[in-house]
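Residue numbers (the numbering used here), protein chains in the order written: chain P, 12 to 288; chain Z, 12 to 288; chain W, 12 to 288; chain A, 12 to 288.
The set of hints was computed from the structure by calculation and includes no laboratory data. It is possible that part of the hints are untrue.
Taking beta-carbon pairs under 10 Å as the criterion, some of the chain W residues facing chain Z (in silico) [what the hints assert, rightly or not]: (1) N30; (2) F31; (3) T139; (4) L141.
Result set (DSS-like, lysine-lysine): computed pairs, CA atoms no more than 30 Å apart in a straight line [stated by the list, open to error]: (5) W:K109 <-> Z:K109; (6) W:K234 <-> W:K132; (7) A:K104 <-> P:K114; (8) P:K54 <-> Z:K114.
By construction, the Cβ of each residue, glycine as well, lies at the ideal position given by its N, Cα and C atoms.
4 protein chains.
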Amino acid sequence: VHLISLRTMAKSKFEYVRNFEVDDTCLRNCWIVVRLDGRNFHKFAEQHSFTKPNDDRALNLMTRCAQAVMEELEDIVIAYGQSDEYSFVFQKKSNWFKRRASKFMTHVASQFASSYVFYWKDYFQDQTLLYPPGFDGRVILYPSNQNLRDYLSWRQADCHINNLFNTVFWNLVQKGGLTTSQAEEKLRGTLSGDKNEILFSEFNINYNNEPLIHRKGTALVWKKIDEITMKTIKLPNEEKEKEIAVTRTRKKVTSLHCDLIGEEFWEEHSEILEDDS
Amino acid sequence: VHLISLRTMAKSKFEYVRNFEVDDTCLRNCWIVVRLDGRNFHKFAEQHSFTKPNDDRALNLMTRCAQAVMEELEDIVIAYGQSDEYSFVFQKKSNWFKRRASKFMTHVASQFASSYVFYWKDYFQDQTLLYPPGFDGRVILYPSNQNLRDYLSWRQADCHINNLFNTVFWNLVQKGGLTTSQAEEKLRGTLSGDKNEILFSEFNINYNNEPLIHRKGTALVWKKIDEITMKTIKLPNEEKEKEIAVTRTRKKVTSLHCDLIGEEFWEEHSEILEDDS
Amino acid sequence: VHLISLRTMAKSKFEYVRNFEVDDTCLRNCWIVVRLDGRNFHKFAEQHSFTKPNDDRALNLMTRCAQAVMEELEDIVIAYGQSDEYSFVFQKKSNWFKRRASKFMTHVASQFASSYVFYWKDYFQDQTLLYPPGFDGRVILYPSNQNLRDYLSWRQADCHINNLFNTVFWNLVQKGGLTTSQAEEKLRGTLSGDKNEILFSEFNINYNNEPLIHRKGTALVWKKIDEITMKTIKLPNEEKEKEIAVTRTRKKVTSLHCDLIGEEFWEEHSEILEDDS
Amino acid sequence: VHLISLRTMAKSKFEYVRNFEVDDTCLRNCWIVVRLDGRNFHKFAEQHSFTKPNDDRALNLMTRCAQAVMEELEDIVIAYGQSDEYSFVFQKKSNWFKRRASKFMTHVASQFASSYVFYWKDYFQDQTLLYPPGFDGRVILYPSNQNLRDYLSWRQADCHINNLFNTVFWNLVQKGGLTTSQAEEKLRGTLSGDKNEILFSEFNINYNNEPLIHRKGTALVWKKIDEITMKTIKLPNEEKEKEIAVTRTRKKVTSLHCDLIGEEFWEEHSEILEDDS
């Protein structure tokens with residue numbers, strides 16, 4: 012007993028260590044972006060026999076996890092993913108967890124990672140997950156709508172450049188019979204036009220007909236949908252019950268594989284960018 | 012083709028957005044602590060029928076995840092967990108990921124979270140995991156050894172206070188037949204001594220005999236162990252092969268349920284605290 | 012000699028301490044505001060017999076120092092001052108000293124403080140400066156034009172509220188014969204309307220006729236002026252030298268005492284707010 | 012009147028901009044160092060005809076300003092200066108202005124700068140100050156005593172290296188008749204030993220006999236001194252007044268030009284480094 016009351020006192024004696032926590036509040040009125048990257052996913056992909064250059068199971072699992080993050084956390088207005096990365100955009104005026112950067116990035120990282128294992132079997136039925144994967148994350152702030160759009164354009168341009176390279180590279184290896192070093196050598200210094208030419212002349216592939224999900228990556232946005240449910244009611248001055256259709260508007264996460272660089276997407280989804288004041 | 016080379020140029024046009032990333036390097040020569048907390052674990056525990064006041068399956072799963080974090084990441088010298096939280100201490104001189112705070116906290120959070128789902132079935136055989144859980148994390152820096160010890164003492168004192176309360180509370184409810192509100196009412200304003208007295212006089216429980224894992228939480232440290240393996244060798248000037256024993260020293264994560272507040276633990280594990288210069 | 016080469020080596024041995032400096036780069040594409048406040052200026056004003064409620068010598072000296080800051084440092088587009096404070100607004104895209112916050116605030120603070128002593132005698136001829144004054148400063152970032160305008164409006168509303176209070180207070184004391192406690196008591200809980208009424212009915216003062224510099228504070232902006240200088244030239248195919256007028260456009264700091272809250276000022280000085288992208 | 016109450020309301024409408032201020036609290040239990048550097052002091056020295064390689068008037072003025080900073084601000088335990096820079100060390104446990112970094116650096120910078128102009132005439136009687144100088148500052152945190160000592164050693168080693176170079180360089184120019192480019196050329200690639208040799212063989216100067224203030228810079232520390240004042244008292248049961256000596260201990264800033272790299276200084280002034288816990 013004596014010992015225990017000493018311990019209770021001790022708690023308050025130790026509590027000063029809380030003052031070493033620092034405030035990491037994100038600047039107000041800025042878009043908050045959290046980007047995740049798979050840890051050592053090159054090796055992870057090898058060990059789990061991902062198909063090259065793109066494994067649709069893996070891409071769809073990533074998107075399933077991103078959807079879970081959007082549904083589970085607050086204030087995410089758009090997410091964009093490609094390869095082993097995903098970016099989440101929280102709205103400018105969000106006050107979730109008082110805008111503390113550490114809360115944003117650890118909630119996104121942990122929810123994404125636990126979802127990855129949880130939903131794995133829905134996409135990799137015949138493939139056992141060998142170990143729990145890790146992801147790293149960061150927070151970046153963008154003051155203006157233009158900055159945010161340029162960020163997403165940057166990631167999508169990155170998707171394009173990598174996918175074009177990977178498509179040629181793996182065609183050279185898988186169909187062209189080159190070793191990986193030979194393929195690398197052949198592609199050194201080539202421009203986009205050269206790569207397109209190789210694809211077309213050697214493999215009869217028009218890059219622009221490649222699947223949109225590979226060329227554009229995946230954007231997740233909220234879409235309003237009308238849910239119609241039947242409800243049985245009994246009106247006061249009628250004897251019989253009646254079935255009526257009730258329409259409820261609900262927001263649902265939808266995935267898109269489209270261009271984010273031009274104006275069109277942003278005009279069609281004008282609700283994403285709030286007024287820039 | 013034309014479009015694509017435009018896009019490639021576009022990439023460098025957008026790349027300026029990288030400059031919005033901020034440097035979050037942790038101050039050198041400070042202990043780096045990452046603490047994780049389960050998100051909405053009160054509700055999670057209800058939904059997964061955790062036993063009260065402590066569910067050993069859940070505690071051991073947490074520790075399994077913490078072990079995975081220690082083994083997978085670099086430079087963690089000690090971890091301490093209780094209830095739905097775990098703290099990880101990276102060594103003062105660590106230069107892992109150039110000491111970037113976001114790297115530390117998101118790697119810990121994601122590795123822990125994915126491990127939680129991955130190892131769930133090893134601890135909850137008969138219980139289905141209903142959804143992927145989230146964790147939040149933070150980074151705290153401690154300049155001196157004393158500050159770090161006080162941090163760990165603070166978390167262990169917290170463990171003690173909560174466990175004493177919960178032990179009495181759930182005995183009053185489960186064995187004493189009180190409602191939760193009645194139990195709360197009865198305990199309002201009581202000191203540690205009072206709670207011990209209730210436990211002893213009403214339920215014949217000596218709190219000091221309660222399991223150490225509940226009273227002290229769990230510390231994970233590295234332990235050197237000698238692994239002896241047999242190896243078959245053939246010496247040049249002998250005709251027959253020979254079996255010899257080869258001893259290799261390896262470091263392994265070990266769990267302890269002991270007092271961290273006094274001197275004893277730190278004297279026994281003097282390698283944890285580097286010289287404080 | 013031996014000793015000295017040891018010392019030289021020592022330097023590189025000590026140089027690791029540079030790594031403890033942290034990066035305090037201001038987020039890009041945000042307005043950078045540095046606000047200075049006089050340290051213990053209440054006491055300073057007493058000791059230097061500042062007139063109440065406003066001392067025009069002191070106000071003009073502050074503005075002279077702010078002008079020096081604008082001329083000496085880079086990228087300041089507007090400054091605003093009242094009482095013993097001054098705010099300096101650096102343009103959004105400024106890359107002065109790589110946007111390091113500490114550079115901005117210490118350069119402003121030191122330049123302002125040294126100017127205060129340097130120009131003192133130009134405004135306080137008959138008054139000796141008793142000791143060198145101090146100023147504290149801070150950096151605040153504003154992502155949007157609206158945020159910046161609201162910041163300046165906030166400071167000007169503050170100027171108005173304080174000046175109205177001080178004008179009534181010191182009239183009550185200086186002309187009304189009240190003690191300072193009695194004046195304070197009388198003003199407790201009064202609204203702006205009440206204060207205007209006291210000024211008008213008791214002292215025949217229409218607050219709106221008070222000097223603009225006291226009611227609005229001072230804004231410093233850059234104004235383009237044409238400087239005409241006479242230059243003597245000798246044309247190749249003429250025998251005599253000739254005097255011609257050469258016009259050169261120069262930017263000069265100008266002070267204004269006008270409303271910053273409404274639209275008018277910002278329309279007239281539309282160059283201050285860059286396009287908000 | 013109506014207008015004014017609108018304005019008052021307006022103030023609260025604008026007040027949200029305060030939330031854009033960020034917390035820049037310095038990590039607890041770390042030494043807080045503020046280092047100032049003169050802005051464009053190379054040019055400033057030229058324009059004010061500072062003697063080369065060292066101008067004692069300028070060095071002593073710097074020290075006078077540093078003394079003012081130590082006396083005016085709180086919690087500075089040691090300051091160290093050389094050339095146009097000065098470092099101020101605030102004690103580890105200081106809670107001055109809640110440890111806000113911006114407060115530390117702007118108070119130091121502004122107090123130093125205003126003092127520079129204020130005390131100028133005490134050191135440069137015959138020399139008019141042409142314009143108010145600027146200084147930039149930064150805050151650096153050091154967790155351990157060893158780190159702090161290494162910081163001061165780094166600055167003192169820097170003083171030594173620069174002073175040795177400058178001494179040789181200006182002797183070559185002023186007495187040796189070399190142009191500055193010739194002197195630079197001659198010193199390129201030389202080690203400390205070579206420079207000492209040139210000084211000795213060409214100018215009969217033993218560098219170790221150069222003034223300590225130039226070789227070691229200036230450290231400012233607090234020194235306890237006993238002040239004896241005579242006080243006239245009248246004891247109750249005596250008729251005559253009596254003069255007695257009253258001793259009062261006061262702390263006073265003292266300047267030293269000594270080695271800070273070795274142990275001796277720190278043993279003699281053991282009160283500077285608090286216990287490192």
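Hints versus structure:
1. Proximity of W:N30 to chain Z holds as hinted, the smallest CB-CB distance being about 6 Å (cut-off 10 Å).
2. Taken as an interface hint, W:F31 checks out: its beta carbon lies about 5 Å from the nearest beta carbon of chain Z, inside 10 Å.
3. Violation of the interface hint for W:T139 is found here, the shortest Cβ-Cβ separation to chain Z being roughly 45 Å, above the 10 Å cut-off.
4. A hinted interface residue such as W:L141 counts as satisfied when its beta carbon comes closer than 10 Å to some beta carbon of chain Z; here the least separation is about 40 Å, so the hint is violated.
5. The straight-line distance between the Cα atoms of W:K109 and Z:K109 is roughly 22 Å, inside the 30 Å bound, and the hint therefore holds.
6. A hinted pair counts as satisfied when its Cα atoms are at most 30 Å apart, and W:K234 with W:K132 qualifies at roughly 27 Å.
7. A threshold of 30 Å between alpha carbons decides the hint, and for A:K104 with P:K114 the separation of about 29 Å falls inside it, so the pair holds.
8. With a CA separation close to 19 Å, the supplied pair P:K54 and Z:K114 stays within the 30 Å bound.
In the structure shown, a violation is registered for the earlier hints numbered 3, 4, in ascending order.
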